[in-house]
Structure formats: C-alpha cells, structure tokens
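There are 2 protein chains.
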Amino acid sequence: MSVKFAVLGHGVVGSGVVELFYKNKKSIEKRAGTEMDIKYILDLRDFPDSPYKDKFTKDFNDILNDDEVTSVAECMGGVEPAFTFVKSCLEKGKSVSTSNKELVAEKGDILLRAAKEHNCNFFFEASVGGAIPIIRPLHKCLAANDIEKVAGILNGTTNFILTKMYNENMPFSEALSLAQKLGYAEKDPTADIEGHDACRKICIISSLVFGKHVYPKDVYTKGISQIELCDVAAADVLGYTIKLLASVRKTAGGKILPAVMPTLLPYESIMSGVNDVFNAVLVYGDGIDQAMFYGRGAGKLPTASAVMGDVIEAVKHKVTVFSQSWDSSEDNSFIDSIDNLSARWYFRVPLGTASPEGSYEHENGISYITENSLTFKEASEKAAALNAAAFMPVFE
Amino acid sequence: MSVKFAVLGHGVVGSGVVELFYKNKKSIEKRAGTEMDIKYILDLRDFPDSPYKDKFTKDFNDILNDDEVTSVAECMGGVEPAFTFVKSCLEKGKSVSTSNKELVAEKGDILLRAAKEHNCNFFFEASVGGAIPIIRPLHKCLAANDIEKVAGILNGTTNFILTKMYNENMPFSEALSLAQKLGYAEKDPTADIEGHDACRKICIISSLVFGKHVYPKDVYTKGISQIELCDVAAADVLGYTIKLLASVRKTAGGKILPAVMPTLLPYESIMSGVNDVFNAVLVYGDGIDQAMFYGRGAGKLPTASAVMGDVIEAVKHKVTVFSQSWDSSEDNSFIDSIDNLSARWYFRVPLGTASPEGSYEHENGISYITENSLTFKEASEKAAALNAAAFMPVFE
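Chains as they are written, first to last, in my numbering: chain Y, 1 to 396; chain Z, 1001 to 1396.
Treat the hints as calculated values from the structure; they're not laboratory data.
Incorrect hints may have been included.
Here are the computed lysine to aspartate or glutamate pairs in the EDC-like style, where the Cα-Cα straight-line distance is at most 16 Å [stated by the list, open to error]: (1) Y:K23 x Z:D1146; (2) Y:K149 x Y:D327; (3) Y:K23 x Z:D1059; (4) Z:K1030 x Y:E396; (5) Z:K1025 x Y:E396; (6) Z:K1300 x Y:D289; (7) Y:K164 x Z:D1286; (8) Y:K26 x Z:D1286; (9) Y:K300 x Z:D1286; (10) Z:K1026 x Y:E268; (11) Y:K250 x Y:E357; (12) Y:K25 x Z:D1146; (13) Y:K255 x Y:D289; (14) Z:K1300 x Y:D218; (15) Y:K23 x Z:D1286; (16) Z:K1023 x Y:E148; (17) Z:K1023 x Y:D146; (18) Y:K107 x Y:E268; (19) Z:K1025 x Y:D286; (20) Z:K1164 x Y:E148; (21) Z:K1026 x Z:D1037; (22) Y:K250 x Y:E29; (23) Z:K1164 x Z:E1117; (24) Y:K26 x Z:D1054; (25) Y:K30 x Z:E1068; (26) Y:K316 x Y:D49; (27) Z:K1026 x Y:D286; (28) Z:K1004 x Z:D1046; (29) Z:K1092 x Z:E1117; (30) Y:K25 x Z:D1286; (31) Z:K1030 x Y:D218; (32) Y:K300 x Z:D1046; (33) Z:K1023 x Y:D286; (34) Y:K30 x Z:D1146.
Calculated Cβ distances over 12 Å to all of chain Y for the following chain Z residues [claimed, not checked]: (35) S1002; (36) A1143; (37) D1146; (38) K1164; (39) N1340.
Ideal Cβ positions, reconstructed from N, Cα and C, are used throughout, including at glycine.
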C-alpha cells in the first residue's frame, strides 16, 4: 500500500519538499517502511511548467475530503488560512507537519490538542532552526534531563548581518542591503531585524521544554538595529562577539524567563563561532551539562528536509506522540519579568566618564563589561544614570 | 502499571543511570507516559552503602527470567559477557539500551536482528558522542537526506590532549599525564590515543548511515601519539587546528571510506572550536547542507542521560523501530581503500627542502599545505620521497 500525502503551499519551502521527496524517494520510502507519493499540491497560483502539474489544486477541500491522504505538509506560512486548514486536517485524523513558526508560536497548544483528540500528529521540527534537528532531540534524547536553560542563535538574517559587521567592518545598513540582495532578508526586514522571528522560535522551544504555551507578546524582544560598528569593535577587543540571542531559563519561584536581545558571547564559547546564516541552539541540562545543535536555519532544501523528516515520522507513527506536546497557558504569571534577568553587562558610556579597570576607550566612548552581575532593572537604571549609548548582557 | 527495568553494571555509567533516574523520576515518568522503577542492578561487587542495595543482584538470570522486567540498560562495557547478556534479553523480548560502543561496533548487526525478530528494541544513542543526541537525529530527522559525509571529533581524551598542546604548548606526554590525573584517560590509554575508540564510533555511524555493518578491523586508524608541538604550532600559523577526526564519506562506485586520522581543520570551520573533552559530529546531506551536534562525549551523567533517554524510548515503543538498524555485511568489498582518500595535505619536510610559497619555516623543518588535492597513496609516496617527518590531510 502506498501512503499519500499533500503539500500545502508551493513557495520556497513547499516546492523544496516536492523536489527533495522525488529526488530521494527511494531512500525516504525505505526509512518510512512503505511506498509513498504526493497526491496534491495546494497553491492558488498556476504552475503550468511543473513536472507535477497534475497534482496541483486550488481547492483545499480536495485534500481535506480525500481519505486516501493521511498526512499533510503545511508550508504556507502566516496564521491564516494555515490555522484553519491545519486544524481541519487534524480533526479528520490527518497528521500535519509544518515549517510555519508563526502558526506554532500563536496556535501550537490548540493544534497539539486537536492532534491528540483525533489520534494523529502535529509535528513542527522545521519551525525552529530550519534543517537543525532540535525539537525532536529536545523532547526525546534529553527526556531524562532537567533542562535549566536553552539559548540560541535562531535567526539567520541577523546573524549574517552581524557577521558582516564583525568580519568586514560593514555598517548595519549596508549589511542589511546585502542580505536583501542575496535573498537572506525580506523587502520588509522588520520581523528579522527587530527579533520577532527569533521570538517566535524561542516561544516554541519554551513551550516544548517547560510544558505551557508561551506567547510572543509575553517575551521581551529587542533586535539588532541599534547596534553600531563601534560596539562590535569594542566587544572584539574585550574578547567577545555580539549575537542576537534568544534564550529561556528557569528562574526563582518556578517561573521561566524567555527573552530575545543582542548579547555578548565570549570567544571561548562554541556559539561565538556560529557565523553567517547558520543557526545554533545550546541546551543546558543537569545530566548532559551542555549540548549544541548547529546548521542552516533557513533556505529551501534545509527547511524542506526537516518538513520531509516529519512527514516520514508521521507516516511511521499511527498514534499520537503525546510527549512532543504542551498545555495551554491560563495566564502569563509563570513568565518572569525581564527586570529580573541577572547578568554581567556591556556598557558604552561617554568619553570622560569614570570607568573600571580594563575599559576600552575609543572615539565613540568607553566600553567595558561589569565585574558583577546586575539585574536588567539595575542595568537599565545604571545606563540611564551614566547616559550610556549602549548596554547589553553577557551570556553565561 | 509501573514499568520495571534493570541496569547491568554499576560502574561509572551504570551508577549514573541509577542516580539520574531517581533524581528526575517524576519528569522521566511524564515523558515516558507511565510510572517506572528500577527492579535490579547487576554487579558482581557489593555496594552495602548504596540506598538501593536491595536491588542488587549478582545473578543475571534473576533479570532474564523476571517477566516483569521489560527493559534493560547495559552499562558493563566490553564484548563479553555483555553480548551474551544483551542477546538473551532481546531474545526474551526485553528491549536493551546500551552505552557500550565496543559491543555495538562488533556485534550491532546481530543484536539489531535479534531485536527485530523478537519485536523489541536495541538502542545505542549513548555509544557515540555520550550525551550528544546523534544516533536518533541521524536516522530520523535526517531521514529525508542523502548523506554524503559524516565527520566527528569522537574521542574526548585525545581532544583534551590536543587542546592542551594548542593552548598551553604542553607536550603530548605531559598532556596525557594530566588527562590521566583528571580521570579523562585510562591507565592504559592505548584505545583512546591510538584512535581505536574513535574507530568504534565511526563504525557505528557508518553502519547506521550506509546500512551495512562496518567492522573496526576494516577502518584505517591512526592516533595522535606522533603529533609534535612543532606541528601544532605550524598548523596554527597556517590557520588550522589539528584534531583527531573520524570520518566516513561516499566514494566512487558506491563504496564508502571510513577513516580515523589526525586532520587539519581551518579556523573558519565550526568544528575547529570544539575543545577540551567535548565531542562533535558534523553531517553533510543533500538537503541540509551541514549540521553539527556538539556536547560532552563522555562522563558519568552525560552518558547516563543518553542511556536513560533510550530507556524512555524503549518504554514508549512497544514495537521495533526498524529504521534504526542495519544489515550484516557479507564482506568488506563496499569499503574503499584509504589509498583513494583525496585531500590537500600538510607536510613537514626537512629544512633546506625546496618548498612552495606560503610555507612556514621553523627550527624543526618547513611546514606547508599542498595547493592541490592528492590521494593518500600519492601523499604517502611524496612524504617518503621528501623524507617528511609528518603528513596529515586537511579537512574539506
């Protein structure tokens, strides 16, 4: 018997899924333990030159009402109509694999519940870290660990820009233009640059690791648009690199503290070597100490590869994988305030300000890293009092 | 109903499994979806002060013949009696999770077949890369990929020694003594230093990725005992670090070429930042491009964490996970000769030898990297002709 699946959306990722499936069909079928084929591709556009043009439909109901289709790959992006489509599929018992981080970050709990109730699966490996296997290792291989902290470079666009600023002294605006030219950044780059994309991904990781849905609106998020070349250069002199870091950690009183902000990483940290469009996720557990997952966080085939891996899993698992799930959150009281984030901090203060030993004086001010930890609240107050042009936490 | 499992061996890893299980019992049971407990711990020694002393037995048959025990964690090490014990368990339908790389590298195909025939699982995540989830991501998340190459730093002891040679200019013998003092190296360090440990691990990875059992005896293996400080220093000047690299790649004619040898990694490579006792595995696939998995490759709790993760998987999967498997190999004709390995090469030739532009002259000779690729055979011949004191491949 041949298993039939459908692909929703024929954009970059969706077309990648089709391409990768037919390229590696034989080995995919071996891994899945059954013959497989794509029965439908949903897209409102026409693709008259596609070798698979017979499979295209513009009507989602063709897929929903075809009982032969037992698995669906959702590669449309955005919350709607993806949410309605995915929910309908799950309610019909069709497993869904998605690359849509916005969907998972906003509606994951509802879709996971629907999957559970209808004995199928909602998988989302591709929604975080593109090709990097992170969702499954987090919930499976690390199942025996008490996870204390997860931190990641989860946005390739900003990492590309920061790498250019570092290695080539290229100003932010120029690096952004280059990223756009190379197709790494959208025309409207806000979601990447201001950290919203990384925020969605850390929401998904936080929800999975700590078991309750974390919404983007509850996560302190600061992007990289205010980072200047002088800060990059000063960090380098002090032995650090600046990365847009998304993190979540356990804090006092059983709370968790997710946040997205530019952060200094010491050169000894393996994550400081994650450059260009690559992503990485570092996980801290009581058993493993630390483990890092690294790879391409975006792109046609890398993301398609993760979606296809999930489709294969869905084909193999006829029942719900209940542990790869989380509950709805009744309120956000389990999320700690950013004010309580404790770290050492990088400050850039005006020339002439009294500054500690080891400070680095340059034409745009004096840069240094505090010897002791301060909370975000204390660091903000200090930054205001010192008239600091920049302050960022140091990762520990 | 409470699921009962047994732990074979109460050495470093086995006692870690017991410790980690009782520490995180509640969350482990949540992940497994059932109550769990350890019913037996097998060891020939007495542990009168253990809080779990009632669970100890010296008779393996207590475990084998107790139908309540459905899962076993094997942490004894060595081929025998581990092989006999594990095979008997599988033949009784008890799933086994092991950290024993020697067992998997020598007998994996037989044990995987026994698991399949008796509808249970033989899991071995902990046998490669300790805490690093690599086996499961390789066979699952990357299922949609055609994997072209896998390369890893798979031995923590040698990586610790090389890191000391690099960062502190510490001679090999002194670094080895320090590793022994810190418990990172055995009294007889041969298996680590000469690459046998890394060889077993690349055998397991090769077997899993390419589907046929690869035996250690068929893998070219060279350790780090001949690396001198002057080579480390020269590599640094040329922009490289030396690591003991275990790798396997597809070669012409459908063959594969596994090998373990000291290898130069360019500083731009993320793997060059893997230091101390940390391990990493870099995977190249047609979909993902590259992905790296990094973490502690050894140690009590890291390894125990991987074993425990497998036990949880075994509890959740009542049927054989058939794709995490490979076939027996009838002969070794699918393994390519090391002679055909193609790479650029590092040479250290005597002072006074004619050498190419960009060479680095130092008191122990002239070090350089060839501009073009040569096969291992060609490089060996060249090394002999030039009377080279050292030659090593460059990783690409």
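I'd like to know which numbered hints this structure contradicts. Please list them from smallest to largest.
The structure conflicts with hints 2, 3, 4, 5, 7, 10, 11, 13, 14, 18, 20, 22, 23, 24, 25, 26, 28, 31, 32, 36 and 37, although it agrees with all the remaining ones.
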